[in-house]
Amino acid sequence: MSERLTVLKTYKLYVGGKFPRSESGRVYEVTDSKGNWLANAPLSSRKDARDAVVAARKAVGGWSGATAYNRGQVLYRVAEMLEGRRAQFVHEVADAEGLSKSKAAEQVDATIDRWVWYAGWTDKIAQVVGGGNPVAGPFFNLSSPEPTGVVAVLAPQKSSFLGLVSVLAPVIATGNTAVVVASENAPLPALSLAEVLATSDVPGGVVNILSGRTAEIATPLAAHQDVNAIDLAGADEVLAKELEIAAADNLKRVLRPQPVDDWSAAPGTDRMTAFLETKTVWHPTGSLGASGSAY
Amino acid sequence: MASVFAYAPAPESRSIVDIAPSYGLFIDGEFTDAADGKVFKTVSPSSEEVLSEIAQAGEADVDRAVKAARKAFEKWSALPGSERAKYLFRIARIVQERSRELAVLETLDNGKPIKETRDADLPLVAAHFFYYAGWADKLDHAGYGPNPAPLGVAGQVIPWNFPLLMLAWKIAPALATGNTVVLKPAETTPLSALFFADICRQAGLPKGVVNILPGYGDAGAALVAHPDVNKVAFTGSTAVGKEIARTVAGTRKKVTLELGGKGANIVFDDAPIDQAVEGIVNGIFFNQGQVCCAGSRLLVQESIHDELLDSLKRRLSTLRLGDPLDKNTDIGAINSEEQLSRITSLVERGEAEGAERWSPACDLPESGYWFAPTLFTNVTQAHTVARDEIFGPVLSVLTFRTPDEAVAKANNTPYGLSAGIWTEKGSRILAVANKLRAGVVWSNTFNKFDPTSPFGGYKESGFGREGGRHGLEAYLDV
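In order, the protein sequence lines correspond to chains W and H. Sequence positions in the first sequence follow our numbering and run 757 to 1051. Sequence positions in the second sequence follow our numbering and run 342 to 819.
Mixed in with the good hints, there may be bad ones.
[What the hints assert, rightly or not] Simulated coverage check for chain W against chain H, where a stretch passes if three residues somewhere in it have a Cβ under 8 Å from a Cβ of chain H:
no., region
1, 841-852
2, 897-909
3, 999-1008
4, 1023-1037
[To be verified] Some chain W residues judged to face chain H by a derived CB distance under 7 Å, without partners named:
no., residue
5, Pro890
6, Val891
7, Ala892
8, Pro1040
If you are wondering where the hints come from, they were derived from the structure by calculation, not from laboratory data. All C-beta atoms in this analysis are idealised placements derived from N, C-alpha and C, irrespective of residue type, glycine included.
Next up, chain W with everything else stripped away, as it sits in the complex (with noise of 0.2 Å):
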């Protein structure tokens, strides 16, 4: 009896909760560490950067505006939908890395683990980053914190799953969306994330996944006028530099670079305030009588 032939998956970009192919109708090799070949990988053009800018603009006014609360719910389903498929994409990043079954599988959980902290942060970021202002003076103020907007996202190119989780959900847990540029020669398992995200509750356009070369699909974005912010994660010096340049046009908030050695350190909250304006609101106080009580 002969082997059984496996059945391949044809990867696709993720824009706006569907899963279409690159209007620029190519695609690349995408190998294993060891050089064989894995699948053919969409090879995104300037055009579906843009497309995937206009459904991540369309998904900000749902997205941020949902409670923090129903975001939380959202983030920590997708983890549950993670979990069930923790075998496939221990799978993908031990190809993607060149990673032991053990060691990819370590990288997984963590990157699981990772998105349910981001999960329970949505409804606890404005306290700890806002508050109250003692102004000197017959006035309230509260300054909250408020997502900026369409932040695009350079994935780091050698952490294929835990990096790219590490950089993703902190933006979309504040309620921002996102468009995100994979791993360019690891961007299976950023792909395969999408079809976790689409059938996780979260709106499409939320999160928009393109996979390529980065500095192709990145030049657009970072001189896009309707994206607010960047993160350069996955940008080498050079790339940074020029990205950094073509963002000062429209003052996008730049996340530049950070050197990490291990993306399973534990995260701070940067990655989720570089992404966040703060508003401040006043209000006059009145008086209710020199007591200092109505009643």
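Position chain H relative to chain W; hints supplied.
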């Protein structure tokens, strides 16, 4: 301004301030000439009188000042926070003691009314130093983890609209967190910063911790680009802010930018009209409208447009324009000839595009730079006067019908610094405030500032916050 009730002149004496005929740069605790010997004159915008001749910093001076600040950083950052706090408390106290002198000086150099320097600028300057003085020994509790570290040398470039207040916003948090400072004041208003150098001397601040480099844009650019500057803080135009963002690209310099605005002041039909009129006036005519967070776009609910405009025009007719040193003056001089011509050309463009211009009967003084308070009605969102920051006493009036339309129009700008909401309905305030893309939202008030409250913009109004706990972040390695 002809009026039945004419006011007698009530001038503040300028004898309280002693302006020297010339000033140097303040580097490493000493006043010194510019390396290339260049000087420029600073004039009083209300009279065009030359007040003093100031050394003009160039690239070599920037380098010298940064070196001095770097040297001072070692000791200053190593001081216990409680000691740094005491220096800042001293500065705050000396500012209070000399506040009348500084208010007169600021009015002379900037052209703004003494009423404002005396009652707004100076008390806020002192308050900022007091507020951040108290943080210096409490940084472990600021929410940035234990032992947050200072960045190093802060290069700070400030504008001419609130010369001493912007200095306080920049220097107080920088010193509290253990950074040292090279600050470039604007070329039209260098004097109060140089007087501040003297306050640093009186306070016994170690040499090199604060350096003041009066000069033009080239000095600012050299400071921003200097490789040994760790932190750049800028308040000014969006165009320059973008240039700075490009300059620091690819470096590790931390940047905060506080840029332009085109604030919407939204008045609903149930607003307390009299208070709203005061808020509108304060929102756009405070400091001759030369305020980045000015409420320069008035959005009025259509049903009360005529009534509100009548009240507003009546109120504008009572504003007194003239000698900024007169305690009864509401509207002072425009800061410079250059700024006056910018305002004039934008207003002419507004007329050419078909908006309707109105000003109260108003005599302008013979000398100096003046612009009458001005309203534009029949303004659409496409008009230049509704889109560009004018930075002068010019208000554009637009209308809306529903809260959604008000929000859409308010947000229809690349800027996002400030907004105002006037309504009696609390739930409407909260709903609208939530949807506005602006860093500061004033409800039933306008142009209120406080050192405890973070201030800064969304979108092209810049990034980072000044004031409050949030303002510390800009100067800490977090």
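Quick rundown of the hints versus the structure:
1. 841-852: With 0 residues close enough to chain H, the hint is violated.
2. 897-909: This one holds; 3 residues, not fewer than the three required, reach chain H with a Cβ under 8 Å.
3. 999-1008: This one holds; 7 residues, not fewer than the three required, reach chain H with a Cβ under 8 Å.
4. 1023-1037: holds (count 7)
5. Pro890: holds, 5 Å
6. Val891: holds, 4 Å
7. Ala892: Holds, about 6 Å.
8. Pro1040: holds, 5 Å
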